[in-house]
Amino acid sequence: MTDTLPEDRRRDVFAAIVAAQDGGLKVAASHKHVAAEYGITPAQVLVIEKEGLDAQWPPLDS
Numbered sequence: 002m003t004d005t006l007p008e009d010r011r012r013d014v015f016a017a018i019v020a021a022q023d024g025g026l027k028v029a030a031s032h033k034h035v036a037a038e039y040g041i042t043p044a045q046v047l048v049i050e051k052e053g054l055d056a057q058w059p060p061l062d063s
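Going by this note's numbering, the letters in the sequence shown line up with residues 2 to 63, in that order.
These aren't lab readings, by the way, just hints derived from the structure by calculation.
Each pair of labels, with its calculated beta carbon distance range:
id, residue 1, residue 2, range
1, LEU54, LYS33, 16 to 22 Å
2, PRO60, LYS27, 17 to 23 Å
3, LYS27, THR5, 26 to 32 Å
4, GLY25, THR5, 29 to 35 Å
5, ASP9, ALA37, 19 to 25 Å
As the structure is a prediction and not an experimental result, all values here were calculated from the model. Virtual Cβ for every residue (Gly too), placed ideally from N, Cα, C.
Please work from the sequences and hints to get the whole structure.
Shown next, in the form of structure tokens:
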């Protein structure tokens, strides 16, 4: 599912999730927003979010 997206694209999605939540969106709303923005499913957003959290992708590493 998300393995078809290149890592740089997944990192962009993850950064968008973090930005949306930092901007005040609740988790579920941020997932819907990012899914629509990037043309992916909410399930893909969840997988990418977990991957980014596990790997401490930016902006978490700063």
